[in-house]
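Sequence lines, in order, name chains A and B.
All residue numbers for the first sequence refer to our numbering, where the first residue is 294 and numbers rise by one.
All residue numbers for the second sequence refer to our numbering, where the first residue is 145 and numbers rise by one.
Do not rely on the hints blindly, as some may be mistaken.
To be verified - Only pairs whose alpha carbons sit at most 20 Å apart, straight line, appear in this in silico DMTMM-like list of lysine to aspartate or glutamate:
#1 Lys150(B) with Asp385(A)
#2 Lys150(B) with Asp365(A)
#3 Lys493(A) with Glu397(A)
#4 Lys150(B) with Asp343(A)
#5 Lys556(A) with Asp543(A)
Unchecked claim - Partial list, derived from the structure: chain B residues whose beta carbon lies under 8 Å from chain A:
#6 Lys150
#7 Leu173
#8 Thr176
#9 Arg179
#10 Phe186
#11 Leu191
#12 Tyr194
#13 Arg198
#14 Ser202
#15 Pro263
#16 Asn264
#17 Lys265
#18 Val298
#19 Tyr299
#20 Leu300
Hints listed in this document are in silico derivations from the structure and should not be mistaken for laboratory results.
Every residue, glycine too, gets a C-beta built ideally from N, C-alpha and C.
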Amino acid sequence: MTVERKLDYFEDGAEIPDAVIDELLREARQRLTPALDRIRRPLVRVAVIDSGIGRLLAAHSTRGLVALRFMDGDDSADVLAALRRRFDVIEDHSLAAEIGGEIEALMGGDPSAISARAVDLSLVESDFQRRALSRLRRVPAGSVISYQALAAAVGVPSGQRAIGNTVASNPIPIYVPCHRVIRSDGSLGNYGGGPERKLKLLRAEGFAVDVRRRMPAEAVYGHWSSRIYCRPTCTAVHRADRRKWLIFADSERARRFGMRACKLCRPA
Amino acid sequence: MDAEAKLNLPPSFDEAIHRHEREITRFILRATRDREDALDLFQETWLRAYRAYRQLDSAEGLRPWLFRIASNLCLNRKRDRARRARVIADSELREEHAGTVGPIHEKAIHLKALLSRLPNKQRQALVMRKFGGLEYSEIAAALECSEEAARAGVYLAMKKLKAE
Numbered sequence: 294m295t296v297e298r299k300l301d302y303f304e305d306g307a308e309i310p311d312a313v314i315d316e317l318l319r320e321a322r323q324r325l326t327p328a329l330d331r332i333r334r335p336l337v338r339v340a341v342i343d344s345g346i347g348r349l350l351a352a353h354s355t356r357g358l359v360a361l362r363f364m365d366g367d368d369s370a371d372v373l374a375a376l377r378r379r380f381d382v383i384e385d386h387s388l389a390a391e392i393g394g395e396i397e398a399l400m401g402g403d404p405s406a407i408s409a410r411a412v413d414l415s416l417v418e419s420d421f422q423r424r425a426l427s428r429l430r431r432v433p434a435g436s437v438i439s440y441q442a443l444a445a446a447v448g449v450p451s452g453q454r455a456i457g458n459t460v461a462s463n464p465i466p467i468y469v470p471c472h473r474v475i476r477s478d479g480s481l482g483n484y485g486g487g488p489e490r491k492l493k494l495l496r497a498e499g500f501a502v503d504v505r506r507r508m509p510a511e512a513v514y515g516h517w518s519s520r521i522y523c524r525p526t527c528t529a530v531h532r533a534d535r536r537k538w539l540i541f542a543d544s545e546r547a548r549r550f551g552m553r554a555c556k557l558c559r560p561a
Numbered sequence: 145m146d147a148e149a150k151l152n153l154p155p156s157f158d159e160a161i162h163r164h165e166r167e168i169t170r171f172i173l174r175a176t177r178d179r180e181d182a183l184d185l186f187q188e189t190w191l192r193a194y195r196a197y198r199q200l201d202s203a204e205g206l207r208p209w210l211f212r213i214a215s216n217l218c219l220n221r222k223r224d225r226a227r228r229a230r231v232i233a234d235s236e237l238r239e240e241h242a243g244t245v246g247p248i249h250e251k252a253i254h255l256k257a258l259l260s261r262l263p264n265k266q267r268q269a270l271v272m273r274k275f276g277g278l279e280y281s282e283i284a285a286a287l288e289c290s291e292e293a294a295r296a297g298v299y300l301a302m303k304k305l306k307a308e
């Protein structure tokens, strides 16, 4: 007997009718679904965005934006591998348009969409870091805060180093505005995406700081517990706890944030 | 903005199931010829695939990768069965079968015996090609060898079977 004949048995026998497959599949699916649901991980959509400040990889869960990474060079593999350890990851082009549009709006001077988008901090390691980043989200566009002041704001007055680490490992730059954290002496400090990007973002938000650590002449200091803003030269600025100051690009922005002008120095 | 796939990620897992569940079912049923076994292995294939899905890094690799998982599981099952069956003496087995099955079944038993004597890679290649209906490129991916090697494996296996 030839092999072809021997194999024929299987080939013939293997012509399994569709009805048999259908019936088997129905039962197989019924068994699989609950078993799969027990081990399923959260779903995350990812997309590559070519934005005005460089190429980015965005990841969005059902709860909000979970990660945003500058992709200088081609390090998407690392970022993806890290995401896929925690989530089921699928590519979704519509996300690129959404997030890309919001970043474009920010660069054009409108930060509203970015602050309105929900963020998912599940990639953040510790509770302290989560608190710090949530607090940072409330620092409005057009203002900056020092590492020290942010540390004080989350209840750890001497935690500026920890804040530095937290901000450096921020998984969602731009949306959690770590570019709005600067040094107490007014210099820009570092940035995960490079200091030029920090400068570019701050300028787009109307904060005309320059590389040589100079605050714009119109900048005012806002005290967040008294809700009063002052000129940088005001005696109140020197007297009050400097861990409570936010620096606004100008008076207009401080007022928009709900602050009133100091009666001593009478800023514009 | 360019809407092309830039990451070339595999589809969502549910989409993967949706696309390939029929052919995987068919493949497993052909390999096991047993309903309960097929149901079991179907479940095991997809659960194992789910756990390892993050390691799959391109959309093209999906189909051969799934077949590799299914085919490995089928082979494991066969090996375990064979181990258990060895406890029963060969003669006993023959007696048992003599009255109940026709010549066609015997041919099948004979073929199974022939197949089991083939080297692993050649057998897998043959099974995937002849029973699974896979392309050589997919077999190559499943066995982690070149397309030529897959082709050669099937050819050598056929040659050995013909010699019997």
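Is the interface hint for Asn264(B) satisfied, with its Cβ closer than 8 Å to some Cβ of chain A? violated (19 Å)
Closest C-beta approach of Ser202(B) to chain A relative to 8 Å, hint status: Violated, because the Cβ-Cβ distance from Ser202(B) to chain A comes to roughly 12 Å (cut-off 8 Å).
Please check whether Leu300(B) passes as an interface residue: C-beta within 8 Å of a C-beta belonging to chain A. Check failed: Cβ of Leu300(B) comes no nearer than 13 Å to chain A, outside 8 Å.
For the restraint on Lys265(B), tell me whether the closest CB of chain A is nearer than 8 Å. violated (19 Å)
Is the straight-line distance between the alpha-carbon of Lys150(B) and that of Asp343(A) 20 Å or less? Cα-Cα ~11 Å, so holds.
Chain A contact restraint for Arg198(B) - C-beta distance below 8 Å: Holds: closest Cβ of chain A sits about 4 Å from Arg198(B), inside 8 Å.
Per-residue hint verdict: Leu173(B), partner chain A, C-beta under 8 Å: Hint holds; Leu173(B) Cβ to chain A Cβ min 6 Å, cut 8 Å.
When the least beta-carbon distance from Phe186(B) to chain A is tested against 8 Å, hint result: The hint holds - Phe186(B) has a Cβ within 8 Å of chain A, the shortest such distance being about 4 Å.
Verify the interface restraint on Val298(B): the C-beta must sit less than 8 Å from at least one C-beta of chain A. Violated: closest Cβ of chain A sits about 12 Å from Val298(B), beyond 8 Å.
Does the CB of Thr176(B) sit less than 8 Å away from some CB of chain A? violated (11 Å)
Under the criterion that the straight-line Cα-Cα distance not exceed 20 Å, is the pair Lys150(B), Asp365(A) satisfied? Holds, at roughly 15 Å.
Please check whether Tyr194(B) passes as an interface residue: C-beta within 8 Å of a C-beta belonging to chain A. Since the shortest Cβ distance to chain A is 6 Å, the answer is holds.
Hint compliance for this structure: hints 8, 14, 15, 16, 17, 18, 19 and 20 are not met, and every other hint is.
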